[in-house]
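Asks: Here is how the chains run, residue by residue.
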Amino acid sequence: MTAAAETTTIHGDRVSLLRVLGPAHVWALGVGIVLVGEFTGWNFSADKGGTLAALIVCWVVGLLYTSVAMIDSEVTSTVAAAGGQYAQAKHIVGPLMAFNVALFLVFAYTMLEVSDAILLGDTIVAKAGVDGLTHNSFIAATIVVLAWLNYRGVLMTLNVNFVITAIAYVSIIILFFSVSPWTQGAVLKLNELVTPGNALPYGWIGVIAAFQFGIWYYLGIEGTTQAAEEVRSPARSLPYGTMAGMITLLIAAAMTWYVCASLMPWEYLGITPYPLWDAGKLTGSPLLENLLFVATLLAAIASANGCINDAARAWFSLGRDRYLPSWFSAVHPKYRTPYRSILFLLPIALAFAFIADLNQAITFSILSGVLQYTFMSINIMMFRKKWPLGTIRRGYTHPFHPLPAIVLFCLCVVTFFAIFLGFGSQLIAMIAFYFLISVWFHFYRYKFVRRGDQFSMPWPKPQGY
Amino acid sequence: MWMALSYACWGISIVLALWMLYDWFKVDTTYSEDVLTSSREGELEAASEKHRI
Amino acid sequence: MSRYTPPEQSKTGQIFDIVVVVVAIFVALWLPLKLGLAGAAKSIDALDAKTWEALGQNPTMASIWEKLGYTPETAHDVIQNRFHYVIDWPTLVVMAVVLIGYFVFLFRASDREYRDVINEKFDDK
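Residue numbers (our numbering), protein chains in the order written: chain D, 820 to 1284; chain X, 143 to 195; chain S, 79 to 203.
Zero decoy hints are in this set.
Simulated DEER-style distance windows between Cβ atoms:
hint	chain 1	residue 1	chain 2	residue 2	range
1	D	K1153	S	P168	56 to 64 Å
2	S	G179	D	A1170	26 to 34 Å
3	S	G179	D	I986	41 to 49 Å
4	D	G1022	X	W161	53 to 61 Å
One side only, chain D facing chain X, incomplete, derived with CB under 10 Å:
hint	residue
5	L836
6	G902
7	A960
8	V963
9	W1146
10	A1149
11	I1161
It is worth saying that the hints were derived from the structure and are not from the lab.
We treat Cβ as the ideally placed atom computed from N, Cα and C, and that holds for glycine.
Generate the whole structure from the sequences, applying the supplied hints.
Replies: Here it is, written out as structure tokens:
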């Protein structure tokens, strides 16, 4: 504390991130990132295993993410720092784990941002139908404009996210109710499109393979924790915003599946890049078609926006602890944002948006996500063991421990197997990368890190140490 | 119309990118590195202590 | 236990570290794309008779395909493009070993570093 006080007197005020956000912003950050998954991505699970497989994984993966949200809410309402799961790993497992978790986060979000930008570009190009029009300019504009918005301040960024996420969400509800979901046969023809013969075209292995893209229904909801240092009362707002977000998404996922499965044959549903926009087209109403077109763009923008926010926070935290050069830990004195991290990640996102395709970018993102969920299931066990209930103040305590952790771990194993079925060599390449960079960190980079200072929570000594 | 939109997108991207570079340069030359990187984890606790003083 | 004071890193050292990380990111993400490793095995099971019936589409499905602008000829490549799930056991074993090995290394090395952190943090007081 004396060191801190000295800095304060010598340099005047310290520059830190700004605490301005409420629960609605947390909801907007979480749901904003994820909702694009209903507009593209989830339907690739129908390609992998058929329409019924898409519904099964919607529920089972929903269970996985409910566990994620519960576990995350407990840990993060206690460890409230920018970097979210990174700060959790640092306090509970150790520095190397934290370094890896931060990389999972940066990769998952940056690749998700890339997918969003590609989706937005492709959607506009498909709508325009003009020869010679490529998606590059729209990709560049999405990434640069949103980086600029993030650069200028977190409050505005998430206010924008709240509005556009809400519009996109409402459009799903409008679509749902305008196809008279209570009567089959008029617009919706579920029993003619999903028959016993084609519901599971590949059998149960198809259901397992579908897990890979089932993740996309909800991927990113755990990003709410990145806002921990900018939320006015993290212990209350984070669990509240995350849980509300999860409920919102479960409803949206169920409605999306029902409408799309009742409007398209599974072979088409599995390959279209914009299932909801197509659903709008197939209703025959120009109004719905245009509404869903705009909603697809808005969902992509909201998601990319939240991703820039989250990836930059994670990168910033790495710099602040000197896991990476401390240069990245600069906070903009006027806008109070991690501006160097935002600028650094911008060209990386742009480069991948230009060279990768949608399917691949999504897979990169899913891979990093699943690695992180595996960590979370082990992390919560260690958290409860090192600081049993009652030894520290928790903002929220999740029920049925250790059941959610076990469920989460088992579902992660299934998902790894699903990724193996489709993208095995990519998985091995990525693990090789994480392994090598971990070796680099453990044996070289870690020497620049202060030891005791990394533990910044006012907690007692963990049990067993 | 779509082509014009496409060019407008390039335009906006370049202008905003240049603005961010300019602002980055301005901030980095105006403030010292110590001030810019003075953020610390667990600031909430530190901030409340500061208020009591 | 004495406090560990890390060395100050020079400017060039910082820049070098950033370059290492960026290169690693690009190699890990870009190389699989370049080598064509990414993407699942999908191949077209060609059919001779290109009618909606032969493609297994009932009248409702056929009407939707037509609404989307497909004919049986153009839809053939979409519908018959199927996954062929085969479990390649050696690759699966390699993947499992790599994955488990990675996590074991992570947790063990982290624990060693964590003990230092805890010692320094709580013995200083």
